[in-house]
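A.B. asks: Can you build the whole structure from these sequences, using the hints too?
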Amino acid sequence: MAEPFLSIQHVRKSFGATTVVEDFNLDVAPGEFVSFLGPSGCGKTTVLRMVAGFEEPSAGKIVVSGKDITRLKPNQRNVGMVFQAYALFPNLTVAQNIGFGLKVAGMPKAAIDSRVAEMLGIIRLPQMADRYPYQLSGGQQQRIALARAIAPKPKLLLLDEPLSALDAKVRISLREEIRSIQKKLGITTIFVTHDQEEALSISDRIAVMYGGKAEQVGTPFEIYNRPATKFVANFVGTLNVLEGKVTDAASGKVQVNTQEVSLKGKLNGSKSGDTLSLALRPEAISLGRQPGHDTSLSGEIAEVHFLGSVIRVRVGIGGNTVSLDTFNNSATPPPVVGEKADISFSSGDMLVLH
Amino acid sequence: MKSGRFWAWVVFVLGAAYFFIPLIATIEFSLRMRRGVYSLDAYKVVLGDSQFQATFMFSVIVAVFTILLGVLIVVPTAYWIRLRMPQIRPIVEFITLLPLVIPAIVIVFGYIRMYGSNSPLPFLATNTGANALLVIGYATLALPYMYRAVDTGLRTIDVRTLTEAAQILGAGWGTIISRVILPNVLIAVLSGAFLTFAIVIGEFTMASLLNRPAFGPYLQNLVANRAYEPAALSIIAFVITWGCMSLIQILSRFAPKSANRPN
Chain A
1 MAEPFLSIQH VRKSFGATTV VEDFNLDVAP GEFVSFLGPS GCGKTTVLRM
51 VAGFEEPSAG KIVVSGKDIT RLKPNQRNVG MVFQAYALFP NLTVAQNIGF
101 GLKVAGMPKA AIDSRVAEML GIIRLPQMAD RYPYQLSGGQ QQRIALARAI
151 APKPKLLLLD EPLSALDAKV RISLREEIRS IQKKLGITTI FVTHDQEEAL
201 SISDRIAVMY GGKAEQVGTP FEIYNRPATK FVANFVGTLN VLEGKVTDAA
251 SGKVQVNTQE VSLKGKLNGS KSGDTLSLAL RPEAISLGRQ PGHDTSLSGE
301 IAEVHFLGSV IRVRVGIGGN TVSLDTFNNS ATPPPVVGEK ADISFSSGDM
351 LVLH
Chain B
1 MKSGRFWAWV VFVLGAAYFF IPLIATIEFS LRMRRGVYSL DAYKVVLGDS
51 QFQATFMFSV IVAVFTILLG VLIVVPTAYW IRLRMPQIRP IVEFITLLPL
101 VIPAIVIVFG YIRMYGSNSP LPFLATNTGA NALLVIGYAT LALPYMYRAV
151 DTGLRTIDVR TLTEAAQILG AGWGTIISRV ILPNVLIAVL SGAFLTFAIV
201 IGEFTMASLL NRPAFGPYLQ NLVANRAYEP AALSIIAFVI TWGCMSLIQI
251 LSRFAPKSAN RPN
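First to last, the protein sequences are chains A and B.
Number 243 in the numbering used here belongs to position 243 of the first sequence; there are no gaps in the numbering.
Number 198 in the numbering used here belongs to position 198 of the second sequence; there are no gaps in the numbering.
Calculated directly from the structure, the hints in this document are not laboratory data.
Fair warning: this is a prediction, and the values are worked out from it, not measured in the lab.
Some hints could be false.
[To be verified] Partial list, derived from the structure: chain A residues whose beta carbon lies under 10 Å from chain B:
| no. | residue |
| --- | --- |
| 1 | A87 |
| 2 | N91 |
| 3 | L102 |
| 4 | R148 |
| 5 | P152 |
| 6 | P154 |
| 7 | K155 |
[As the list claims (entries may be wrong)] Covered stretches of chain B (in silico footprint by chain A; criterion: 3 or more residues with CB under 8 Å from a CB of chain A, positions within the stretch not fixed):
| no. | segment |
| --- | --- |
| 8 | 4 to 17 |
| 9 | 168 to 175 |
We put the beta carbon where it would ideally sit given N, CA and C, even for glycine.
C.D. replies: This is how it looks when you write it as structure tokens:
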């Protein structure tokens, strides 16, 4: 990466005896959209609040454009933020809300009016200028909150779970809108979410967090297909975990159920006789023996869930249950519970969890 | 069911009678100054009395200063406690309740001993000082009402998130309190202000013992020496108080709707 725009260096945050963020490091390039993804309590919001200036790190530093902002107050950082609870000022109209930061900065009224109109155009709500927040829907309020955050042209945009209070349909349309506005303005953005689909769909990179640490930082493709840890593999996407035993470490042979699978180059120092956790995404597995798949296992259909375009099938294999997805085809009836069935996959799709 | 409704009406009628009969009797008595006919003579006498005007104006001015002092003390305190120190809220609530259990006469004797002309802070040595002490005393008496009103108002808004939203947009503490917090709790502040006004207008003990020309001592003096005028004054005071309460109701309709919580 060239010179990072935002650099979070060895940041730690403790509240009394409890450490909620531990040695957190991240460099963000100019214009990049990075998501912090993790379960509740993993420290993602605390890191965001430290970048905003609402919390002071117990150790480490935060640098923006080469300037150390660790001890600056929130109102001195030139950072925009959108909150989960919208946080629009109830006593101000939409236009006054958007113009708040500009007025605080002492901008002339004509310039404020022009910028507010521009922002309302960007979020496609030009007719809402004179409304009060209580007259708007949740999605509209969050778009206004976004406009208010970007109106003063901040260096950095922070989004603290901005979609979690909205219903499913609005979430999808608004996340696409946020991404499109972010790309258009080229503003460096940090997005906090616990929703993996949100993070995977709109991020340039994702930092998966757990226990106050970044477990893995990578592109959505890397995070999904090459999870670095067992936590990342389990947290991002659906995963089948199978137990395997290394039979020949030198050639990468691992026994799964009664079958032998070749995992050459993936064993990462495991010795013959070691037990391994092996993972497979449902979409990597096919029902029946398919050409190109070098491994197959036999079992019995345990559950069938019809999800519309996709049918999720759970197959019992030895002591394990494996989920797989097949596309719905009106010409082919779905599998029946209790039927004998083979599954197949490519051993190259199998992940060894560490 | 029907029996329950009957007894509910009985209780309602008894309660209304307890409230309205003395009121109607006072109004009726205040109109009987002229022998044999109803007239507004008692009201004309009271309203035409220069002492009435002077004492009433004095109390109104003291009430305005008391409200300003109360707002200056209570709003930042209640705001800061909600924002940064919620753990000390029970202690502050207890302190604000003390004026309800400590009689005004105890407070004012304390003032006289503490701020007499020989003390390091001789408030009572001058009229201005004594007036300032009266305002401070009234602000103390009104503290339970003002604090509760403001705290209730702050409870209806998400103080922390609104503060952070304003901070991140560049606002300092002055801007946050004056342009974000105060406008959103204005109705609550006004409720506290009107209650303060009602307390100050009729207060006797402090004004009398600090020897201030306030409306309370004037009222007491009139009651001791006249027959019909005190009744007229009571009705005037009653109308003022009810006018204040009605204003709270009217103003609450213009309160900003809370929209800072997710639907």
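A.B. asks: Now tell me, hint by hint, if it's right for this structure.
C.D. replies: Hints, one by one, checked against the model:
1. A87: 4 Å, holds
2. N91: Holds: closest Cβ of chain B sits about 4 Å from A/N91, inside 10 Å.
3. L102: Holds, because the Cβ-Cβ distance from A/L102 to chain B comes to roughly 9 Å (cut-off 10 Å).
4. R148: Given a least distance of 7 Å, the restraint on A/R148 holds.
5. P152: Interface hint status for A/P152: holds (7 Å vs cutoff 10 Å).
6. P154: 8 Å, holds
7. K155: 12 Å, violated
8. 4 to 17: violated (count 0)
9. 168 to 175: This one holds; 6 residues, not fewer than the three required, reach chain A with a Cβ under 8 Å.
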